[in-house]
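Please arrange chain B on chain A, whose structure you already have, making use of the hints.
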Amino acid sequence: MKAYDRGSSLFWLLLSLYVAIASFRMGVGTPRSPGMGFMTFGSSILLGLFSLLIFFRTFLKGEEAEISPIGFSGVMWKRILFVLIVLVLYVKLLPVLGYLITTFLLMTLLFWILKGSAWWWVLASSFITTLATYFIFSKWLNCQFPEGLFGL
Amino acid sequence: MGFFDNIILGFQVILDPNNLLFCFIGVLIGTLVGVLPGIGPLGAIALLLPATLKSTPTSSIIMLTGVFYGAMYGGSTTSILVNIPGEAASVVTCMDGYQMARQGRAGPALAIAAWGSFIAGTLSVVGLMLVGIPLANAALSFGPPEYFALMCSGLIIVAYLAQGSIVKAMMMALLGLLLGSVGLDIVTGLPKFTFGIDELTDGIGVGPIAMGLFGIAEIFTNLEQSLEGGKIFQAKIDHLWPSLRDWAQAKWAIARGTIIGFFLGILPGGGALLSSFVSYAVEKKVAKNPERFGKGAIEGVAGPESANNAATGGSLIPLLSLGIPATPTMALLFSMLVIHGVQPGPLFIKDHPDIFWGLIASMYLGNALLIILNLPLVGMWVQVLKIPYRILFPLILLFCLIGSYSINNSTVDIYVMILFGVVGYLMRKFGYEGAPLILAFVLGPILEQALRQSLLISKGSFTIFVTRPISAVSLAIGGLLLLSTVLPYTRKRRGEYDKLKED
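Going down the list, the protein sequences come from chains A and B.
The first sequence lines up with residues 1 to 152 when you count with our numbering.
The second sequence lines up with residues 1 to 503 when you count with our numbering.
For the record, the hints were derived by calculation from the structure and aren't laboratory data.
From a predicted model like this one, the values you see are computed outputs, not experimental measurements.
Heads up, a few of these hints could be off.
Some chain A residues near chain B, calculated using beta-carbon distances under 8 Å [unchecked claim]:
#1 Trp12
#2 Pro31
#3 Pro34
#4 Phe38
#5 Thr58
#6 Met76
#7 Lys78
#8 Leu87
#9 Met107
By construction, the Cβ of each residue, glycine as well, lies at the ideal position given by its N, Cα and C atoms.
Excised from the complex, chain A in its bound form (with noise of 0.2 Å):
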């Protein structure tokens, strides 16, 4: 579990360094005038301290984290890699087809992906949970989605 603590503090010590020269960059001005990057500045150079001692304390003999990360394994990856491709996916789309077709193809997919269920039964849903939603949000409570292409 100690590479997950170094890993992560790594990370969060080159987004501060990032942070603390973009901050610099500003104009980070003095206390009597504090710049447009005075707090940002102080803010990202406490999270690099804050990173370094996580990943100082991964070293120490015997040292744990207070409660250990969960950790990935046996984790079923492609069922969340797929649901994120998607969901990308139903944003590169809504504009272009519009949200009937979009949301209907996505609860499709949504539905079919955990099985167990027969196929009308996924379309008939996602039918239903696409009207449903259009009317109470579109009609009922005015949200503007987009029509795309076909007007829908």
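Here is chain B on its own, set in the frame of chain A:
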């Protein structure tokens, strides 16, 4: 206007059909998210935040607060019947609630949880009325140093109460401050960390971040596991009215839970979760037979359930009187009010009596509605518990997508939400918590403004934070908490070092 005139004003506001409907929707959704494991009140409020944009601030705060205290009621049902906490503040209810259900006392367990919640919830609203107004008056004399110190100590307390490492929690609070600084600078008006993206000039929205960290990340975490729910307790649920013996055993637990919950709720970073744990510990300590705890002691249900409901009223006090959200949930309510052009703070009650007193009245009414929803209708929630997660998760995901899009009708917000969903998922994997991040994110701009104003007042001297009594005391509390975590650690290391030297 006198006290009773204000109460009447509050009931006039809540009896408006629109507000009444929002109150009902709020407590209904609150109970639903409380019952359903996986999505808590924080995620639900983040989800509903965009839906409130088209309504009035009064209706919005009535609904979102209803979600918050409604979830406290609903959470106990799942804890008692399934032994899985519906939301975090009901974790401790599992210990004795489920044991009572196994002994055929599910009805009395549910009943005492609901009645305890009702009594504590109602009394905490009385406390909110009595403490909120004097505190707001006192807060009129607070300047930027006091606000800065109070917010800093609040962030330290949230980090201190984090489940994992305090260092990691502090890091998340700092990350929240950095994310909160994205957008236009408060003094110069120049863009900061916007990377040339126009949508970021207004800053990152709290909705997409909260939905990502608490909604999408939760879904990703659940997708790792088997998607079948826990086993629901099958026996018939009856005796939904506690017996006289139950009342006699639980009455002081309810009273103590109410007091503990209310006062811990006021503290920055306190909230419902801490209150329920402290209440359970106190009940065990004062019990004549502490060995009954964990085996179905009714006080172990009554105390924590009363405490987590009392905390809801308490946690509204710093938000409405000082303008400082003390918990992540309050941070979302703060954002909602600001989006509606209402500034919480010392002048809030004076400037917006309709919102404040309407909210108070709605909480009286909401608690009464929740008793009806959670006792006679408990069978309905048992059916809800049977809905498999494979059906729920696509719906939650879709609501998150619609919610984040509808804030600005922008797909950039959806990308932000997905990004923070991945970040939130990885944070859980690496042992980092989202709660300090979201609180610091909302407090960030106010904190920065208070810091810069304080330094301008003191002509660059940081002693301004220790020469003013309120800010000095606040910072001292934060500092002592940090010391209390550092000292045992250094003592332990020194002990190991001495041992090594002796060897």
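Against the structure, the hints come out as follows:
Checking tryptophan 12(A) against chain B by beta carbon gives a least distance of about 6 Å; that is within 8 Å, so the hint holds. At a threshold of 8 Å, the smallest CB-CB gap from proline 31(A) to chain B is about 4 Å, leaving the interface hint in force. Below 8 Å, beta-carbon pairs count as interface contacts, and proline 34(A) has one with chain B at about 5 Å; its hint therefore holds. Nearest Cβ of chain B to the Cβ of phenylalanine 38(A): about 7 Å, under the 8 Å cut. The hint holds.
Given hint, threonine 58(A) at the interface with chain B, is violated; its Cβ is 12 Å from that chain's nearest Cβ, farther than 8 Å. Nearest Cβ of chain B to the Cβ of methionine 76(A): about 5 Å, under the 8 Å cut. The hint holds. Restraint check, lysine 78(A) versus chain B: the minimum CB separation of about 10 Å is more than 8 Å; hint violated. Interface hint at leucine 87(A): satisfied, since its Cβ lies 5 Å from the closest Cβ of chain B, which is below the 8 Å cut-off.
With a least beta-carbon distance of about 6 Å to chain B, the hint placing methionine 107(A) at the interface is held under the 8 Å criterion.
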